[in-house]
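*Asks:* Residues per chain, in single letters:
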Amino acid sequence: MSWDWQVFCTDTLDQTTVAGCFGKGGDITYLDWLLSAWGWTVSVSLLSLALALVLGGLIGTLRTLQGRPWVVRLGNAWVELFRNIPLLVQLFLWYHVLPSFFPSLQRVPGFVLVIFALGLFTSARIAEQVRSGLESLPRGQRYAGMAVGFTTFQTYRYVLLPMGLRIIIPPLTSETMNIFKNSSVAFAVSVAELTMFAMQAQEETSRGVEIYLAVTALYVVSAFAINRVMAFIEKRSRVPGFIAASSAGGH
Amino acid sequence: MKKHLLAAAIVALAAGSAMAQANDTLAKIKGSASVTLGVRESSGLSYTLGNGKYVGFHTEMGERILDDIQKQLGLAKLDVKYQPVTSQNRIPLVTNGTVDLECGSTTNNAARQKDVAFAVTTYVEEVRMAVKANSGINSITDLKGRTVATTTGTTSVQTLRKNERAGNLDFKEVYGKDHADSFLMVETGRADAFVMDGSILAANISKAKNPADYKIVGEVLSVEPIACMLRKDDPAFKKAVDDSIKRQIADGSLAKLYDKWFMQPVPPTNTKIGLPMSEATKNAWAHPNDKPMEDYAKK
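So the sequence lines, in the order shown, correspond to chains A and B. According to our numbering, the stretch in the first sequence is residues 1 to 251, in order. According to our numbering, the stretch in the second sequence is residues 1001 to 1299, in order.
These aren't lab readings, by the way, just hints derived from the structure by calculation. A portion of the hints provided could be inaccurate.
Restricting the straight-line Cα-Cα distance to at most 27 Å, the calculated cross-link-like pairs of lysine-lysine (DSSO-like) are [to be verified]:
1. B/K1028 to B/K1239
2. B/K1132 to A/K181
3. B/K1172 to B/K1162
4. B/K1071 to B/K1256
5. B/K1238 to B/K1053
6. B/K1172 to A/K24
7. B/K1162 to A/K24
8. B/K1162 to B/K1215
9. B/K1272 to B/K1132
10. B/K1232 to B/K1207
11. A/K24 to B/K1144
12. B/K1272 to B/K1238
Here chain A stands alone, though its shape is the one from the complex (with noise of 0.2 Å):
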């Protein structure tokens, strides 16, 4: 066994070496290709957390709603649907199932609809820690809301929800890093992310050990780099006193 670190210089078409590993003139290295698929899985696990924050947290909300029993089984319904399906499966639903009952589906790209089905997966994740963190609070809060005249709304933007995201702040952590590391399944509708390089790079190049460490770094870069973002988004947001675990530096 040994390196062979200039396979990241070669050509993707004639498989000769690139002096500078960047290709010209629209050739196309593995170094230039293995850049933009991870692009891809940058853009993938980021609109499909955005996704999944303004849906988990509206689905999450909306399951703590007091005398609304209708509304809390809509959002029970919804993370039990989300949660249970596998997500590969729930990718299929939605890149070949659907499609073959709403025809105009097939023109939306894999893409979108990666985002779609990683976004509500996680969502009903989000949804789930959202409920939790609310309901971890002392029920004097909702109260002390409506002693002073707020309306429910009022309650939930002034009171609740501020102490609630707080809290569930860590969970979120791993959440975001796992949308990273699941964004992975988007290989298998045709977007050309990181996991498909690897795939195909590996077989075109024969240098499978190389192309799949490189890969594997970025997916550690990635991750931990939103989990950076997240620790200073926890720290900056820390109300002093409130929560003791917090003080010890995260998680």
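We have chain A already, so just place chain B on it with the hints.
*Replies:* Here is chain B on its own, set in the frame of chain A:
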């Protein structure tokens, strides 16, 4: 600390490759009275029926090669172990000694010849495309503006890229995660053509709900010699394998084997693949050689 770890890893790797250098597969087979045959789980030439049973044109040919080697070594009993391999792990498993002979669907190319050796070519694959019979697509130039499917992790992706570039064609590519997935894209209309090895296209069409709806069309986009793979720098073992294949070609038994696996109903569904032997394969049998794919392209 990190430097020490790295050094330790390098020493371990070097030791590993030093052990793999002891290259005398025939002596290893004779000493242990056992041999490991690398097989595939779902390829046109080698696949599994489940329960540890492996079949296919190349699997059966590999078994016959091992029979001949058993006779040559004068062993009363030879224990054949089957090791399923994937495109990702087949070369490491052969070089590190886990697998002695791999007879699946490995293309003999120059890049791989740096790491492993190949027996003489026993099947020549031609990359073409499958389309719906009523699609009106007959050639790669008809693909302009269409969507073309192929499978991730195959050499066809590269072939497609080269053709797109060379012919100044503009088409959209989609990648299935396996052959069944790529074929499904043509079936559901998500893609207009599926570019892949001819044997795989024929097998997928034979398994379709209505095989008459599909046909294989177009020029040959790439020619790939498929051969059994063995460890590099082991001339005695390579000669034994090559001699057995030449014997099978000469006495007609390999042709019978081809007929059995490509022209007759085959398990598990008992459907016919119906792919007559190509001129290229006939030519490879008439002049046994282990030339890599790159030599075929020059012609």
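*Asks:* All the hints need checking, so say for each whether the structure fits it.
*Replies:* Hints and how they fare:
1. The straight-line distance between the Cα atoms of B/K1028 and B/K1239 is roughly 16 Å, inside the 27 Å bound, and the hint therefore holds.
2. Between the alpha carbons of B/K1132 and A/K181 the distance comes to roughly 37 Å, so the proposed pair goes past 27 Å and is violated.
3. With a C-alpha separation of about 14 Å, the suggested pair B/K1172 and B/K1162 falls inside the 27 Å cut-off, and the hint holds.
4. Between B/K1071 and B/K1256 the CA atoms are separated by roughly 22 Å; this keeps the pair inside 27 Å, and the hint holds.
5. Taking the CA atoms of B/K1238 and B/K1053, the gap is about 26 Å. The hint holds against a cut of 27 Å.
6. Straight-line distance between C-alpha atoms of B/K1172 and A/K24 comes to about 22 Å, which keeps the hinted pair within the 27 Å bound.
7. The straight-line distance between the Cα atoms of B/K1162 and A/K24 is roughly 17 Å, inside the 27 Å bound, and the hint therefore holds.
8. With a C-alpha separation of about 23 Å, the suggested pairing of B/K1162 with B/K1215 holds against the 27 Å cut-off.
9. Proposed proximity of B/K1272 and B/K1132 is supported: the alpha carbons are some 19 Å apart, at most 27 Å.
10. Taken as a hint, the B/K1232 and B/K1207 pair is broken in the structure, with Cα atoms around 38 Å apart against an allowance of 27 Å.
11. Taken as a hint, the A/K24 and B/K1144 pair is honoured in the structure, with Cα atoms around 25 Å apart against an allowance of 27 Å.
12. With a CA separation close to 33 Å, the supplied pair B/K1272 and B/K1238 exceeds the 27 Å bound.
Taken one by one, the earlier hints fail for this structure at numbers 2, 10 and 12, listed in ascending order.
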